[in-house]
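Asker: Residue numbers (the working numbering), protein chains in the order written: chain W, 623 to 938; chain P, 59 to 332.
If you're looking for bench data, these hints aren't it; they were derived computationally from the structure. Here the structure is a predicted model, which means the values were calculated and not measured. Each hint should be verified, as a subset may be incorrect.
[What the hints assert, rightly or not] Derived DEER-like restraints, expressed as beta-carbon distance ranges:
| no. | chain 1 | residue 1 | chain 2 | residue 2 | range |
| --- | --- | --- | --- | --- | --- |
| 1 | P | G66 | W | Y835 | 17 to 25 angstroms |
| 2 | P | N190 | W | K845 | 53 to 61 angstroms |
| 3 | P | A112 | W | R932 | 57 to 65 angstroms |
| 4 | W | V887 | P | L222 | 55 to 63 angstroms |
| 5 | W | D791 | P | R246 | 54 to 62 angstroms |
Beta carbons are placed, not taken as given, at the ideal position from N, Cα and C, and that holds for glycine.
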Amino acid sequence: METTLPNSIAQDIARASFGSRLWNFFRYSRVFWAWLFLAPTIVTLLIVAGRPLLGTFILSFTDAQLLTLKEASFVGLKNYIAVLSDPDWWIAVRNTVTFSTASVVLETVLGLAIALVLNAEFRGRALLRAAVLIPWAIPTVISAKMWTWMYNDMYGVVNAAFLAFGWIDSPVAWLSSSDTAMAALIAVDVWKTTPFMALLILAGLQLISKDVYEAARIDSDSKARVFWSITLPLLKPTIVVAVIFRALDALRVFDLFYVLTGNKVDTGTVTIYARQRLMEFQEFGLGSAASVLIFLFIGAFTLVYLWLSRPKGEQA
Amino acid sequence: MKALQRIGLYALVLLVVLYAVFPFYWAIVTSLKTGSSLFKVDWIPPQPSLENYATVLREESFLQSVINSVIVASTTSLLALGISILSSYSLARIPFRGRSLILLTILSVSMFPQIAVLSGMFELIRWMGLYNTLTGLSFCYLILVLPFTVWVMRGFMKAIPKELEEAAILDGCGPWRIVSRVFFPLIRPALATTGLLAFIAAWNEFLFALTFTLSSDKRTVPVAIAMLSGGSQYELPWGNIMAASVLVTLPLVVLVLVFQRHIVSGLTSGAVKG
Numbered sequence: 623m624e625t626t627l628p629n630s631i632a633q634d635i636a637r638a639s640f641g642s643r644l645w646n647f648f649r650y651s652r653v654f655w656a657w658l659f660l661a662p663t664i665v666t667l668l669i670v671a672g673r674p675l676l677g678t679f680i681l682s683f684t685d686a687q688l689l690t691l692k693e694a695s696f697v698g699l700k701n702y703i704a705v706l707s708d709p710d711w712w713i714a715v716r717n718t719v720t721f722s723t724a725s726v727v728l729e730t731v732l733g734l735a736i737a738l739v740l741n742a743e744f745r746g747r748a749l750l751r752a753a754v755l756i757p758w759a760i761p762t763v764i765s766a767k768m769w770t771w772m773y774n775d776m777y778g779v780v781n782a783a784f785l786a787f788g789w790i791d792s793p794v795a796w797l798s799s800s801d802t803a804m805a806a807l808i809a810v811d812v813w814k815t816t817p818f819m820a821l822l823i824l825a826g827l828q829l830i831s832k833d834v835y836e837a838a839r840i841d842s843d844s845k846a847r848v849f850w851s852i853t854l855p856l857l858k859p860t861i862v863v864a865v866i867f868r869a870l871d872a873l874r875v876f877d878l879f880y881v882l883t884g885n886k887v888d889t890g891t892v893t894i895y896a897r898q899r900l901m902e903f904q905e906f907g908l909g910s911a912a913s914v915l916i917f918l919f920i921g922a923f924t925l926v927y928l929w930l931s932r933p934k935g936e937q938a
Numbered sequence: 059m060k061a062l063q064r065i066g067l068y069a070l071v072l073l074v075v076l077y078a079v080f081p082f083y084w085a086i087v088t089s090l091k092t093g094s095s096l097f098k099v100d101w102i103p104p105q106p107s108l109e110n111y112a113t114v115l116r117e118e119s120f121l122q123s124v125i126n127s128v129i130v131a132s133t134t135s136l137l138a139l140g141i142s143i144l145s146s147y148s149l150a151r152i153p154f155r156g157r158s159l160i161l162l163t164i165l166s167v168s169m170f171p172q173i174a175v176l177s178g179m180f181e182l183i184r185w186m187g188l189y190n191t192l193t194g195l196s197f198c199y200l201i202l203v204l205p206f207t208v209w210v211m212r213g214f215m216k217a218i219p220k221e222l223e224e225a226a227i228l229d230g231c232g233p234w235r236i237v238s239r240v241f242f243p244l245i246r247p248a249l250a251t252t253g254l255l256a257f258i259a260a261w262n263e264f265l266f267a268l269t270f271t272l273s274s275d276k277r278t279v280p281v282a283i284a285m286l287s288g289g290s291q292y293e294l295p296w297g298n299i300m301a302a303s304v305l306v307t308l309p310l311v312v313l314v315l316v317f318q319r320h321i322v323s324g325l326t327s328g329a330v331k332g
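With the rest of the complex left out, here is chain W:
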């Protein structure tokens, strides 16, 4: 929105001396004020985001240790080679990718299904919306603790329920073996974020104009066809955004794994791996190299995903 100055002010400026013209420029130039208003944000972000990112990047090329950060010397790509040839790193990569793919796919499909149902008018919708916000509001660490207790092999409610339904014959130590632990972790993440995904998609659904559906009804299209050829394409931008935000969250997951399964290698994520190198093994160079790799991977993922899901009109 370009705003022009009212005539009276413009005339005042024209008549004024240089000093007061300068004053008026600062007073009325909207571009000047735009940058002035932005300055605190830009400076803050440079300090809290730019500097630390650069710091991690520099540390990743050094042999820094936690206690001797200042005396580090340049070692080239040695840390990167060490990380990339560490089997534990690749286990962590595999775990992270498995976890992210499974949880995001489940959350999107279930979230879409729930959103479609909720799009109908019914009594108690407010209650439902309130209920689904609860898992989202509970701090991840606390929900992880709650689920650790529910997964307890001797006294946990999950085993009790599964035994009652006859789904298992004897209590399972869900978090002990890496296979069941991964499934258990995915279940917690799905619990925590599906409702929210449903709300996001529902908001998108409600933006679709009713006229479109009216037209389809007059053409007497089947419900399935309406969904595949009208609802889904119109919903795509919403889903694309929701999926990327969820995926970014899932790829950097830390709290859930840290609390539910601890620092174990076979159920570690890349973030757990990097933090362990940094703070527990105190190998700051190595840990920083792993951090940079994670950063690059997630950056590349974001770009590729956005490129793949760009609007069709811009291809060609």
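Fit chain P to the supplied structure of chain W, relying on the hints for placement.
Answerer: Relative to the frame of chain W, chain P by itself:
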């Protein structure tokens, strides 16, 4: 057929509600049990007792962690709100060269994996002498909260009719007075919502809080609860842990329920409208 669909719909709704609420319900049930009844699965506690709550509330380190979390989360969200009122006005209302570049940068900062800045932040915080301080935590939470508040507030600012701003300009208001006298009163409800979301984000944060604090008197709630542990899995004081969890979650749940309408619109404004 219609009636059947209704029943199906309500069954599904009930299932979703149960699934969403059950773990929290279970935490409450566990927190009301003591002694050996903790280790039996009862859907309703047989002899509800508040003993676990009394134990937790007597524990000084737990109370200290609640105070720490309140201090850190409110400092961060107030700072972020103050800074982002100004910048979100610029980004929503003033066309200038480089605006989309700045928007893109802010968005990409919110996409940073936290681990990517962890070692650099550690170095910076130690250099500033803020390691193991609440100030240090409030400071580094700005990276999580600020991009988000700018983004959400920009959405709210864009929704204000431009006639209001034009009228203010005709009255001879400069940008500073437009923001402070015209926009600020109008977006006060939005400020409350954004502030609450920022507060929750800071309140729940774990990785920085775990890494940048050392002594137990500087811990925030998530760290304090994660650290509540006995010698082995079987000695964990589950009753106490659940009581502590319920105590720190209940205020959040109440706030979220009170503000739910605004929260949903606040969170979706960024995601859906772009």
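Asker: Decide, hint by hint, whether the structure agrees.
Answerer: Right, here's what the structure says about each hint:
1. Checked against the given bound of 17 to 25 angstroms, the beta carbons of P/G66 and W/Y835, roughly 21 angstroms apart, stay inside it.
2. Our hint of 53 to 61 angstroms for P/N190 and W/K845 holds, since their Cβ atoms are close to 60 angstroms apart.
3. Here the CB-CB span from P/A112 to W/R932 is close to 58 angstroms, well matched to the stated 57 to 65 angstroms.
4. At about 59 angstroms, the beta-carbon gap between W/V887 and P/L222 stays in the expected band of 55 to 63 angstroms.
5. Between W/D791 and P/R246 the beta carbon distance is about 59 angstroms. The supplied range of 54 to 62 angstroms therefore holds.
Hint compliance for this structure: every hint is met.
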